[in-house]
Amino acid sequence: DVKVTQSSRYLVKRTGEKVFLECVQDMDHENMFWYRQDPGLGLRLIYFSYDVKMKEKGDIPEGYSVSREKKERFSLILESASTNQTSMYLCASIPPGAKGQPQHFGDGTRLSIL
Amino acid sequence: AQKITQTQPGMFVQEKEAVTLDCTYDTSDPSYGLFWYKQPSSGEMIFLIYQGSYDQQNATEGRYSLNFQKARKSANLVISASQLGDSAMYFCAMSKNTGRRALTFGSGTRLQVQP
Chain D
209 DVKVTQSSRY
219 LVKRTGEKVF
229 LECVQDMDHE
239 NMFWYRQDPG
249 LGLRLIYFSY
259 DVKMKEKGDI
269 PEGYSVSREK
279 KERFSLILES
289 ASTNQTSMYL
299 CASIPPGAKG
309 QPQHFGDGTR
319 LSIL
Chain S
2 AQKITQTQPG
12 MFVQEKEAVT
22 LDCTYDTSDP
32 SYGLFWYKQP
42 SSGEMIFLIY
52 QGSYDQQNAT
62 EGRYSLNFQK
72 ARKSANLVIS
82 ASQLGDSAMY
92 FCAMSKNTGR
102 RALTFGSGTR
112 LQVQP
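Quick note, the sequences are listed as chains D and S, same order.
Just remember that the working numbering sits 208 ahead of the position in the first sequence, which is counted from 1.
Just remember that the working numbering sits 1 ahead of the position in the second sequence, which is counted from 1.
Certain hints may be false.
As the list claims (entries may be wrong) - As a list, the in silico DSSO-like pairs of lysine-lysine whose alpha-carbon atoms are at most 30 Å apart:
#1 265/D / 278/D
#2 307/D / 17/S
#3 97/S / 263/D
#4 97/S / 265/D
#5 307/D / 97/S
Honestly, the hints are just simulated from the structure, not real lab data.
Generate coordinates for the entire structure from the input sequences, incorporating the hints supplied.
This is the structure we're talking about:
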């Protein structure tokens, strides 16, 4: 069974801090994604990566960056955290190839910026 | 660009009854996939069902079925014989069937099953 692990379920940080959210998958998936979830807005794509050191911006990349140094790990970085980045963050991965493969999600990180 | 619309912020259903959660979509891609996910209060996203744009038959997975009407661009989720454990947020999502396959989500429907 695919396992996507996010390093923290809950995280509290202060405005201006540099924040790292880590995601690890154990199935050698090429594509990995970071989403942010807010009430009434569903999930929105921040960034995704389709290979080591390869990344593309999603719909809401402002204020975020990502790092993928190894295939299994995809990190989301808040360069200078702000209160409007308080949210639920979800990481996902998907194997290459056949259509219909669902994305596998981690359990999410509830991030509060004070 | 792809867009998913879920017009029901909240729904109630009696235990053992069937319920339909609405989803409409918009896309210019000829090949795409439609997904439904369940999110309990604990937060994890659970994949329920998939429908491909070229699939001739509606998808079914146990108590879940997808009422796919391509001409109307709708992909409603039907849950039969509701159970208390079905109480959760439900998200409709879509992606291209090629390329990076990032998901576009709707705003979700909160379903509450009453005993």
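Verification of the hints:
1. 265/D / 278/D: holds (19 Å)
2. 307/D / 17/S: Given pair residue 307/D, residue 17/S is violated - Cα atoms ~33 Å apart, limit 30 Å.
3. 97/S / 263/D: Holds, at about 18 Å.
4. 97/S / 265/D: Judged against 30 Å, a Cα distance of about 17 Å means the pair holds.
5. 307/D / 97/S: Answer holds: residue 307/D to residue 97/S is near 9 Å, not above 30 Å.
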